[in-house]
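**Q** What follows is each chain in one-letter form.
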Amino acid sequence: MNDFVPAPIAQLPWRTILLLLVMASFGFVVLYSAAGGSLTPWAGLHITRFLVFLAMAIILSRLKENFWKSIAFPVYIVVVIMLLGVELIGAVGGGSQRWLNLGLIRIQPSELMKVAIILAVARFYDLLPPSQIRTWGAIWPLLLLLALPCALVLLQPDLGTTITIVAGALTIAFLAGLPMRLFVGGGIAIAILAPLAYFFALEDYQQRRVTTFLNPENDPLGAGYHISQSKIAIGSGGIFGKGFMNGTQSHLDYLPEGHTDFVFATMAEEWGLMGGFALLFCFFLLFRWGLGVALRAKTRFSQLCAAGLSITIFFYVAINLMMVMGLAPVVGIPLPFLSHGGSSMMTIMICVGILMSIDRHPGRQGGAFG
Amino acid sequence: MKTPKTISSAMQAMTFSRRATIVGGLQIGIGVLLAGRMTYISVAENERYKLLSESNRVNLTLVPPRRGWLIDRNGKPIANNKTDFRVDIIPDRLEDKEKTIATLAGLLSLDQEEINRINRELEQAKSFQPVQVATGLEWEDYAAVSVRLPDLPGVSPRQGFSRNYPTGAAIGHLVGYVGIPSSEDYKDNPDPILITPGYRLGKDGLEKTFEDRLQGKPGAKRVEVTARGKIVRELSSRPDVPGKALQLTLDIDLQEYAARRLGPESGSVVVMDCKTGDILTMTSMPSFDPNSFSDGIGVSEYGMLREDDHVPLLDKSLKSLFPPGSTVKPMVALAFLEAGLDPDESVTCRGSLRVGNRAFRCWKRGGHGRVDMAKGIYQSCDVYFYHFAQRIGMNPIALMANRLGLGQKFPIPVPSQFYGTIPDPQWKMKKFGKAWQAYDTVNSTIGQGYMLVNPFQLAVMTARIATGKEIMPHLLLNDERKPAKLLNLDPEHLAYVHQAMRDVVNGPGTAGRAKLPVDNVELSGKTGTAQVVNLDFGRGGSDVAWKFRDHGLFVCYAPFDNPRYAASVVIEHGGGSGSAYPVARDVLTYLYDREKAMNMLTAMEKSWGGTISERMDRKLAAYRDKAELEKALSEGRAEAPTTADSEAASSAAGE
Chain A
252 MNDFVPAPIA QLPWRTILLL LVMASFGFVV LYSAAGGSLT PWAGLHITRF
302 LVFLAMAIIL SRLKENFWKS IAFPVYIVVV IMLLGVELIG AVGGGSQRWL
352 NLGLIRIQPS ELMKVAIILA VARFYDLLPP SQIRTWGAIW PLLLLLALPC
402 ALVLLQPDLG TTITIVAGAL TIAFLAGLPM RLFVGGGIAI AILAPLAYFF
452 ALEDYQQRRV TTFLNPENDP LGAGYHISQS KIAIGSGGIF GKGFMNGTQS
502 HLDYLPEGHT DFVFATMAEE WGLMGGFALL FCFFLLFRWG LGVALRAKTR
552 FSQLCAAGLS ITIFFYVAIN LMMVMGLAPV VGIPLPFLSH GGSSMMTIMI
602 CVGILMSIDR HPGRQGGAFG
Chain B
72 MKTPKTISSA MQAMTFSRRA TIVGGLQIGI GVLLAGRMTY ISVAENERYK
122 LLSESNRVNL TLVPPRRGWL IDRNGKPIAN NKTDFRVDII PDRLEDKEKT
172 IATLAGLLSL DQEEINRINR ELEQAKSFQP VQVATGLEWE DYAAVSVRLP
222 DLPGVSPRQG FSRNYPTGAA IGHLVGYVGI PSSEDYKDNP DPILITPGYR
272 LGKDGLEKTF EDRLQGKPGA KRVEVTARGK IVRELSSRPD VPGKALQLTL
322 DIDLQEYAAR RLGPESGSVV VMDCKTGDIL TMTSMPSFDP NSFSDGIGVS
372 EYGMLREDDH VPLLDKSLKS LFPPGSTVKP MVALAFLEAG LDPDESVTCR
422 GSLRVGNRAF RCWKRGGHGR VDMAKGIYQS CDVYFYHFAQ RIGMNPIALM
472 ANRLGLGQKF PIPVPSQFYG TIPDPQWKMK KFGKAWQAYD TVNSTIGQGY
522 MLVNPFQLAV MTARIATGKE IMPHLLLNDE RKPAKLLNLD PEHLAYVHQA
572 MRDVVNGPGT AGRAKLPVDN VELSGKTGTA QVVNLDFGRG GSDVAWKFRD
622 HGLFVCYAPF DNPRYAASVV IEHGGGSGSA YPVARDVLTY LYDREKAMNM
672 LTAMEKSWGG TISERMDRKL AAYRDKAELE KALSEGRAEA PTTADSEAAS
722 SAAGE
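Protein chains in written order, with this note's numbering: chain A, 252 to 621; chain B, 72 to 726.
It is possible that some hints are incorrect.
[What the hints assert, rightly or not] One side of the interface only, derived from the structure: several residues of chain B facing chain A at Cβ under 10 angstroms:
hint : residue
1    : I78
2    : S80
3    : R90
4    : G95
5    : L105
6    : P482
7    : I483
8    : D688
Keep in mind that the hints were calculated from the coordinates and are not lab data. Note that CB positions come from ideal geometry on N, CA and C, so glycine has one too.
Please build the complete structure, drawing on both the sequences and the hints.
**A** Rendered as structure tokens:
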């Protein structure tokens with residue numbers, strides 16, 4: 252196309268990169284304002300991390316499908332071991348934790364599990380002969396793959412991540428062709444079991460989060476504070492927002508976690524409904540691209556993997572936005588590309604990297620099985 | 072398909088794209104839901120959330136309004152607002168607590184008790200609630216803290232207003248006082264201003280009656296605060312609207328003079344303008360200092376006021392009832408005249424008169440000899456009145472008393488007034504179920520027996536006798552006035568009584584010493600000595616215990632020929648009218664020659680031990696010492712030393 256640009260650079264998925272850059276820059280602007288007009292402590296680090304992880308994603312995009320296939324199960328096992336390690340250190344050191352300190356960097360294994368489970372489940376249905384997809388043999392390995400990670404993450408306890416892990420895996424199972432009645436029946440079962448789970452499975456603080464989600468105004472200074480203040484921030488922004496650097500909810504600390512989980516409220520207060528729509532449109536483009544990658548992929552693994560990764564990012568966005576707008580209980584899930592935080596950004600950029608890799612190497616028809 | 076159960080890769084690929092479309096559709100669905108939700112929050116509920124965001128951001132601090140002034144007839148302040156310098160600590164901004172408090176303690180000379188209180192309150196207060204260090208500071212102390220502010224983060228010297236009564240105790244009973252709203256006040260009217268520090272409500276007297284007018288509207292200071300209550304900046308503020316001033320008919324200088332002139336006595340002075348009914352002075356002593364109440368009165372000061380047998384908390388002008396004694400004789404004489412008694416008709420006084428089986432004494436044991444009406448008044452002969460009262464009967468006397476204001480309640484803006492008793496046969500039957508007797512009439516004609524009045528009524532009575540008009544008292548200078556109605560008394564009768572009253576002071580009467588030391592102004596008056604108990608051992612003079620002594624009374628007006636001022640002076644247990652008329656003389660002198668009156672007062676105050684506030688301070692100090700001593704005794708030793716000698720006691724307590 253353009254002779255002056257070297258081929259390797261010209262071949263980069265520029266449209267996708269540009270989209271990500273726009274969102275991360277928006278995040279930079281919002282975090283800059285949230286810090287009262289300062290690059291520290293959030294905005295500068297945010298954009299630096301993004302650029303580093305973008306470079307990582309571009310490197311990942313050079314890898315081919317076979318590499319992802321080959322590491323799918325080993326990575327899964329390593330991450331499970333890391334989760335166990337977190338639990339053990341927590342048990343020895345006293346008090347639960349989510350981090351694993353590897354000296355130079357701190358890693359949150361539950362974040363990595365979100366990617367690992369996608370690779371492992373996609374790989375499993377890739378290996379499963381088509382004839383068995385409607386048998387018990389297509390179900391129990393899935394449950395086995397989910398059992399340990401879910402148990403370990405729930406122990407932390409981290410309900411939000413557990414939901415993302417389960418939802419990602421089930422989406423792949425759905426796309427892989429498990430009988431529809433399982434999902435319909437499962438949906439009905441959840442509707443029945445959810446109240447039971449609420450009373451018997453959830454921790455006290457999780458129960459409270461659910462009740463305050465259902466009625467945040469009942470306890471505006473206690474557990475409902477997050478949701479109330481978040482809605483005040485979004486609602487007071489109106490259509491065009493209060494303007495850059497003019498958000499009072501965030502600047503005067505009324506909005507808790509305004510730079511992490513509730514960054515959307517910080518944004519909406521200053522940029523209003525227009526900012527929200529712009530961001531939703533960006534995410535729409537991202538997921539259209541993600542699902543497009545899955546549909547264009549030629550091999551079964553890359554199809555399932557691409558769809559699973561895209562849906563994982565989607566769950567981040569959907570659960571976070573529903574929480575911020577008072578449609579879901581407060582579970583600690585950040586908003587991709589905007590929230591400040593290294594672990595989740597790494598996870599998301601790994602997803603993006605693998606998606607770009609599949610986009611670049613759609614594979615050949617018929618190469619899926621055998 | 073031959074075998075529907077076998078699924079090929081191609082079929083799986085089809086399933087995938089079909090189901091991927093479903094997933095995509097669900098994603099779009101959720102996206103639309105989120106967009107809709109956000110639109111709802113930020114458009115439909117925008118107003119509500121905007122308001123909530125503002126109420127988060129803006130902290131409204133109410134500023135107590137300045138109360139309206141009370142001013143006297145000449146515009147001199149009776150109650151105003153004093154700039155109050157105070158120092159508070161904002162715990163949030165405090166850096167080094169110990170050092171800051173130590174510095175403040177040095178600058179403001181705080182005692183250990185205060186420092187303990189500050190430390191305690193600092194621990195309890197929320198971070199943004201100011202903790203009071205000191206109020207009512209002198210400008211010098213305030214300035215000393217202000218210049219050191221850079222070294223004292225978290226310390227906030229502020230300027231507010233507190234109620235101030237320049238004449239202190241002299242005006243106590245009439246103006247009342249202001250105080251912190253009670254929890255009942257807040258329950259009745261849950262206005263946040265009521266729980267704002269520094270806000271005061273009228274609790275008694277005029278401050279209470281005119282609360283609505285004096286109150287004013289609070290100002291508001293709007294500040295932007297963070298979620299933790301830290302003040303970011305000040306926003307626009309609304310100034311307070313001070314309450315409206317209220318002009319009274321009082322002459323505050325005269326009021327103060329009268330209060331001082333009463334000296335150590337317990338009593339009342341009321342001075343009225345005979346022409347307008349304006350109350351120029353309504354003094355009751357001893358009194359309390361309303362300034363002490365406004366700042367929150369101390370336990371020991373209140374205890375002292377409550378335990379004092381001179382009852383400083385009681386307004387003696389309106390709420391103390393006294394037998395009027397002989398001060399009613401001009402009134403009774405008017406009743407006699409109206410009933411047709413010839414004033415020249417006389418009786419011989421031999422010192423007592425037998426009524427029924429009891430001898431009623433005249434105050435003059437030796438008797439007055441021949442007494443007509445004029446002599447009956449100026450010599451205050453009791454026998455004259457005993458004699459003719461039996462002929463005229465009680466009813467005309469009681470009617471005249473009521474016409475002249477005794478037993479009446481007046482429409483003046485005070486929370487309460489006691490109206491006393493003017494007895495008559497119906498009243499006695501109703502009250503005691505007993506028939507009226509001749510001796511009841513006899514008792515009443517000399518203002519004893521059942522008859523009880525307050526000093527204010529005596530002043531009104533005097534004004535009415537002096538003018539012959541139904542003078543109504545006024546306390547507000549600019550209230551609605553109606554011209555006083557005539558009392559329909561025969562001018563000749565009035566003239567007769569006036570002349571007799573003139574002779575009380577300027578003729579052969581009982582109060583020669585009450586003569587005004589002012590050229591061309593003659594005082595007319597009537598003395599009164601009211602017995603408290605029937606004393607078998609003699610008269611209630613200064614030789615018996617204070618509470619058995621006779622009350623001393625004096626009513627008067629001046630000038631005699633063109634009455635301008637009417638006054639009543641009552642000295643509780645003063646030992647006789649001799650305690651009252653010198654006070655009346657000096658107070659009226661003050662109206663004509665302030666310098667001369669002040670000179671007389673200064674000399675007297677020296678012998679009493681200083682001005683009112685000096686004497687009250689000394690009394691309070693003594694009271695505190697005594698209370699402390701008693702406390703030490705009860706704590707230190709089970710058995711008190713038998714000698715009440717304070718030195719012995721304190722050394723015993725010190726062991």
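**Q** The structure should be examined with respect to each hint, and the outcome stated for every one.
**A** Here's how the hints hold up against the structure:
1. I78: For B:I78, the interface hint holds, since the closest Cβ of chain A sits about 5 angstroms away, which is under 10 angstroms.
2. S80: Holds, because the Cβ-Cβ distance from B:S80 to chain A comes to roughly 6 angstroms (cut-off 10 angstroms).
3. R90: B:R90 check passes; min Cβ-Cβ to chain A is 5 angstroms, inside 10 angstroms.
4. G95: 5 angstroms, holds
5. L105: 5 angstroms, holds
6. P482: It is violated, given that the least Cβ distance between B:P482 and chain A is near 53 angstroms, above 10 angstroms.
7. I483: Check failed: Cβ of B:I483 comes no nearer than 52 angstroms to chain A, outside 10 angstroms.
8. D688: 50 angstroms, violated
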